[in-house]
Amino acid sequence: MDAVKKAPKVTKESKNKIKVEFEGQLSAWERFKLKVFSMYFLKNVVVRICTYILLVGISYIIIYPFISKIATSIMSADDFVDATVMLISKHPTLETYRAIIVDNRYFEAMFNTAVLSASTAVIQMFITCLIAYGFAKFKFRGNKLLFMFVILTMVVPHSTLKLAMFMKFRYFDIFGIFNFLGGGVFESVRLIKFTELSLTNTYWPFIILSLTGLAFKNGLFIFMLRQFFNGVPDELEESAYIDGAGTLRTFVQIILPLSVPMLVTVFMFAFSWQWTDKFYIDTFFTTTGPYTLRQIALKIPSSLTDDVQYAGGTMYTAAITNTNGILIIAPLVFIYCFAQKSLVQGIERSGITG
Amino acid sequence: MNAEAKKPTKVKVESAPKKKKKIASLEKKKARIGYLFVLPFIIGLVIVYLPMIYQSISYSFQSMTTIQGGGVKITPVGWANYQNAIMVDPTFTQTLIEGMGRIIFDVPAIVIFSLFMAILLNQDMAGRGLFRAIFFIPVIISTGLITDIDAHNILMQSAGQAIDTGTETNTVTQIVNVMDIEMLFANMKVGSGLVTYVADLVNDIFNIVNRSGVQMLIFLAGLQSISPAIYESCEIDGATGWETFWKITFPMISPMILVNAIYTIIDALTRSDNTVMAYIDTVYNSPGGNTLSAAMSWMYFLLVILLIAVVSGVISAYVFYQKRDT
Chain A
1 MDAVKKAPKV TKESKNKIKV EFEGQLSAWE RFKLKVFSMY FLKNVVVRIC
51 TYILLVGISY IIIYPFISKI ATSIMSADDF VDATVMLISK HPTLETYRAI
101 IVDNRYFEAM FNTAVLSAST AVIQMFITCL IAYGFAKFKF RGNKLLFMFV
151 ILTMVVPHST LKLAMFMKFR YFDIFGIFNF LGGGVFESVR LIKFTELSLT
201 NTYWPFIILS LTGLAFKNGL FIFMLRQFFN GVPDELEESA YIDGAGTLRT
251 FVQIILPLSV PMLVTVFMFA FSWQWTDKFY IDTFFTTTGP YTLRQIALKI
301 PSSLTDDVQY AGGTMYTAAI TNTNGILIIA PLVFIYCFAQ KSLVQGIERS
351 GITG
Chain B
1 MNAEAKKPTK VKVESAPKKK KKIASLEKKK ARIGYLFVLP FIIGLVIVYL
51 PMIYQSISYS FQSMTTIQGG GVKITPVGWA NYQNAIMVDP TFTQTLIEGM
101 GRIIFDVPAI VIFSLFMAIL LNQDMAGRGL FRAIFFIPVI ISTGLITDID
151 AHNILMQSAG QAIDTGTETN TVTQIVNVMD IEMLFANMKV GSGLVTYVAD
201 LVNDIFNIVN RSGVQMLIFL AGLQSISPAI YESCEIDGAT GWETFWKITF
251 PMISPMILVN AIYTIIDALT RSDNTVMAYI DTVYNSPGGN TLSAAMSWMY
301 FLLVILLIAV VSGVISAYVF YQKRDT
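Residue numbers (the working numbering), protein chains in the order written: chain A, 1 to 354; chain B, 1 to 326.
Calculated directly from the structure, the hints in this document are not laboratory data. Any given hint could turn out to be false.
Claimed, not checked - To spell it out: a stretch of chain B is covered by chain A in this simulated footprint if at least three of its residues, at any positions, have a beta carbon under 8 Å from a beta carbon of chain A; those stretches are:
#: 1; region: 32-38
#: 2; region: 42-53
#: 3; region: 115-123
#: 4; region: 194-203
#: 5; region: 311-317
We put the beta carbon where it would ideally sit given N, CA and C, even for glycine.
Please model the entire structure based on the sequences and the hints provided.
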């Protein structure tokens, strides 16, 4: 009956968790009852369930096409005639995959596309980073005006410039300098007859556009990275300057390591958008151009052309092009699985706020 | 005494601007290095981009014929291309109007949907990483080639429809169909315009989900920049979730709404499944149509810019900018 109470017993459960026990504590069951049988808890549960239903439902919408594509890709021609087959094949076969890989020379196309995408993505990553850093941290004259031009490149769709873009690289010239050196002069009828430096069917148009920060959605990258650099405190660089580092060294040794998640994000965007690109390849490559994934996208492998003629052929054709699609995005999904975490992180840190 | 006292102050006044000047020149020096960083863009702008814009505009006033033996002959034709596009071409004007209507229809849907999903994904819950990974898949994959393959594809169209209208064609077994929604809204006594709009949205959910990836990311970034302290103080003051959303989240996220509305319009412009762009592309590939297509796409672009101007004008009247402490 004395007032001396026992001190609460504290036990360490794990690194960040302690368990406190004291006298007169309700039993575990009582505590559980109080916790669960309350309106607050009920409301939370209902909200949670609704959230999950919604999320699962919408995830289904996103994933269903892939499930359906994969399911139809292993079907044989017979399955498309059979009305009872919905998603699960009765005669599963990998023939479609084999045909695409062998007849469509999938690996050659993939290699070419990989070289193109990887090189342009790496260039774009560094160039946009450089440009964005220049815009964010240096108040030179014309900063605002030049950034307006970045917005302009973002707003004017490249499809509007398709013809000009083709002509630019078909007859590549800088202010007529090459033309002048080559001895060709503008004639009065404006007959274009340059000393033809044609860059079509090469990777140069892509590399030139990437090097100058003008490639697909590079304006968006510059915008994102600029917002990110705006959020990096100036003191960080100032301390580097005081320690005697130059601007370039500060950029390489202080800023670049900081912005790795952002760089991964930009790389992923640039890489995957170039990987599945149609517009630029259509513009710069003719049929004799490098063999890329663009060429196999709608191509029916030669060994399957007979099967497509029969009943259910249109469905089978669709299934084959879908399998093309799966094979095209398979490497992307593979990379996405690894880069996903820092992708999401990078996007969250971009702080694309006002 | 007075004269002596004045002297030192005078000196001080003189020396102060000198010091300031020195700092300014240092900053200038640093600013000059800024040009070095931006140099690739300046070069690209001057050598590639501005000439390209100029050429594209001038092509739209010219006609271009390929001549035998290689080479192209260009003759100026004035406004003929624009006239042809509007007056002669039978389908262009209609496609254009439909395309613009489509954009006006899509923008609010995508912005609202992506805001809603961003708020859901911003909550703390189990499996959040997984859901986020799934939701960002379309950003990576649903572009260019894949949309092209899907557009040419009966199976994918039927898959899209299957999702849009429920997997069964039999209306009895569907969980929700358009009729149900219309009934629901009819009972709620709201305008029929809203009813058809929502019904159309439900029918188009596949499209909307696949197109709102980047917008969701932008909203997520915006949501995460809102200080949790504001929400805490709200909770202490006894605000409900509904009030918190309209009084805190919505104003704080409103700059993002502007950004997203504009992004959605531009994205709609550049997507390959855009009907107007697809039509312009067929014109581009038809013989002698390449300069006509340039005229068409400039017209389309100007209309869209007009739309962007109107939209940003309307939204920015309601946008709330948080004052920075700095």
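Exercise. Which of the numbered hints are not met once you compare them with the structure shown?
Worked result: 4, 5
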